[in-house]
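2 protein chains.
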Amino acid sequence: MSSKKTDRREFLKQGAALASAAALGATARSASGQLPGPEAQLPGTDELVAYGKRSRFVDSKRIPHGGRHSPDQFGLDFHIATPLQDSYGVITPSSLHYVGTTRGSFVPDIDPDKHHLMIHGMVDNPLVFTMDELKRLPSVTRLHFIECAGNRANSRHVTVQETHGMTSCAEWTGVLLSTLLEEAGVQEGGDWIIAEGVEEVKGTSSIPMTKAMADCIVCYGMNGEDVRPQQGYPLRLMVPGGEGILNVKWLRRIKVVDQFYMTYNDYGHLRQDPADAALALQIGPKSVITFPSGGQQLPGAGFYEVRGLAWSGQGRVARVEVSTDGGESWFDADIRGEAHPMAHTAFSFNWTWDGEPCELQSRCIDDIGQIQPSRQQAIEFWESEGGRRRVKGQDNSIQPWRVDADGSVHNAIA
Amino acid sequence: MSSKKTDRREFLKQGAALASAAALGATARSASGQLPGPEAQLPGTDELVAYGKRSRFVDSKRIPHGGRHSPDQFGLDFHIATPLQDSYGVITPSSLHYVGTTRGSFVPDIDPDKHHLMIHGMVDNPLVFTMDELKRLPSVTRLHFIECAGNRANSRHVTVQETHGMTSCAEWTGVLLSTLLEEAGVQEGGDWIIAEGVEEVKGTSSIPMTKAMADCIVCYGMNGEDVRPQQGYPLRLMVPGGEGILNVKWLRRIKVVDQFYMTYNDYGHLRQDPADAALALQIGPKSVITFPSGGQQLPGAGFYEVRGLAWSGQGRVARVEVSTDGGESWFDADIRGEAHPMAHTAFSFNWTWDGEPCELQSRCIDDIGQIQPSRQQAIEFWESEGGRRRVKGQDNSIQPWRVDADGSVHNAIA
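Those protein sequence lines, which keep their order, are chains F and G. Using our numbering, you'd call the opening residue of the first sequence number 5 and step up by one each time. Using our numbering, you'd call the opening residue of the second sequence number 5 and step up by one each time.
Since the hints were derived computationally from the structure, they do not count as laboratory data. Treat each hint with caution, since some may be false.
Because identical chains cannot be distinguished in the list, a pair is counted as satisfied if it fits within a single copy or across any two copies.
[Stated by the list, open to error] With a cut-off of at most 27 angstroms between alpha-carbon atoms, the simulated DSSO-like pairs for lysine-lysine come out as follows:
1) Lys259 / Lys215
2) Lys215 / Lys139
3) Lys57 / Lys118
The model shown is predicted, which means the values in this text are computed figures rather than measured ones.
Only chain F is shown next, with the shape it has when bound in the complex (with noise of 0.2 angstroms):
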């Protein structure tokens, strides 16, 4: 049965069971045409009236990723993955999007009045903008995803939220970036750009411009305000696909340059081969179940709603397969919604749990007909490149979750 999808009409008969008992109580209640009412109400206030603010009884939020650090002893490896076990569609909320930096937990403190964004280098005509001038512009609204090139970094991790939450999805507003080097004029032979942020260590990237002029966007909007801080208000660089550390906040210059230029964020892509290093600019394709997922507890066998995203660096997720018997066989997985370019999709399964031990596992298959590798075939491909364990681009094998025989889930990789 685990290794069974459940259709509608199994999910009656289950979910006719699933609240039998509760309806005992709905009968008694009922009977006396009266349900008690909220034990307390909390008054506006001034500042809940301009904005709002969630439930005391919600306590979701972002950990230090990987337990390199405490939330209160902040290095200079500063990363906060988002909560994943928590979501709902695809939207991360702002204030649980994740964060990956290298220069500490500070966030630059930037008045917009003063900030500008300059293009400059192999161009006709060097600009520059003011947040005003460049909302005057065309603008697009895009769905994406961002990614740390270190999410999974540790495939023994506990939680969904330690395995993968450095990845989170936002709708993204601003100029594409071709709108503005259209506008500058490259000049022959500019065929890069380095983009660089405000702090003290600039953040910079190098990116083809193929790239460059095919789909980034030069962003100040997020889920439809301005950019978060933490994400590089007021401007962000947004990189479709690429690696999280290409999508430069507190973006204030774009050089076009002739040659991919070795910079602080290049640290880790330790080769100089401009087509392998373009190479690591995608990302995928992915999947990973969130519900049930690891230090989850079901309460019994019966139905359930199996919940996970999936994402690709290259293009649309196409489909999404769920397995619940360890890989053996797989079934489609219903996808939610539309699947944007680059964007987290949400997918679900509709699945019964007879209570026996099983291991439950998702795959992602996208529009260029990529297919997600499992453990053994990534360890494979690993070692024909030396052993390397993130050569072009990071690890994206299946996330097998454990479900024991007391319902608890546990990550699957020994």
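With chain F fixed as given, assemble chain G onto it according to the hints.
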């Protein structure tokens, strides 16, 4: 010129002029190879690691609707409006989602572990669900707007937040109401439901069974996290395209009944004819230009991206047209991204203002062919209905904004 759509080549010419003065500064600064860094940096804290916040330079905020009360003198008529003039894309940040209630600013402070949803009345199997049980069931995630029927109650307001701010749009996640009703088994003649909230006056609403089964959602998720308290935490009923008041907050009970019942929330809909009441379920088609909009100031002639939102309570936005000459000539606006059913749809229009006084308008055409009416058409309709301003839905007439020669923007409704 003001009535002409600006094509890409024209924009590029305009754009080059736009940034040319600043470009001198760019050259000067790039010559030194250095740009100033940020003036200050803000350190990370435990709190900001867990849950981020916006920049201190961003002050976009909700305001009391229609000046009915000041923020520190909350009356029972508690309505606060979204700052649409600051919107990006189609997601309204949960902190800025409009709130409408006629029972004051107090918010039930609900412990989700003690909250239940009851389905009862004319059903075969009355049911009660805990929050955990609801979250195990098959769910959906959909983008939907909510709009207060009183949005635009006063056509002479100054800003777009005042005229149209009682609508917002979010990514909602939850269980289809049809899933729960099918499980309970609706009995013959159960043609309506009454949905009830937890607060003392219960915020009940009568909704036809056809609508309940079509697309209503019992929502626990909003924009990727739990529904906010001001929006009904932990459960809100989503009635896509219906008047805001139908979207019962703090939902605890759904009763299947045989007829439309006049409830507290149906005040204002003083008609007992069920067919008439049902017609009031649907809003629009409607649209409004958010930039440039009333109270804003254009710095001078030149290129602008005109931006706005369109929506319809009966389907998708099929087309949006923009006029820059007070409705004499119309041009297709660009639809931004995917138009979802019963969801805000962002549009934009490339425009070069020649500096002469002009009037900007937008109109929405939905996918069942409805066209947003002109002010004059709406007035004639209201007069034919006996002078009542809001019969069968609210004021969805075209919003005109007048741009004066000095660049100031005004509500053109005299």
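Hint by hint, here is what the structure shows:
1. In this assembly of identical chains, Lys259 and Lys215 lie within 27 angstroms of each other by CA distance solely inside one copy; the values are 14 angstroms within and 56 angstroms between copies.
2. In this assembly of identical chains, the alpha carbons of Lys215 and Lys139 lie at most 27 angstroms apart only when taken from the same copy (23 angstroms versus 41 angstroms across copies).
3. With identical chains, the CA atoms of Lys57 and Lys118 are at most 27 angstroms apart between copies only, with a shortest distance of 21 angstroms across copies and 30 angstroms within one.
The earlier numbered hints are all upheld by this structure, with none contradicted.
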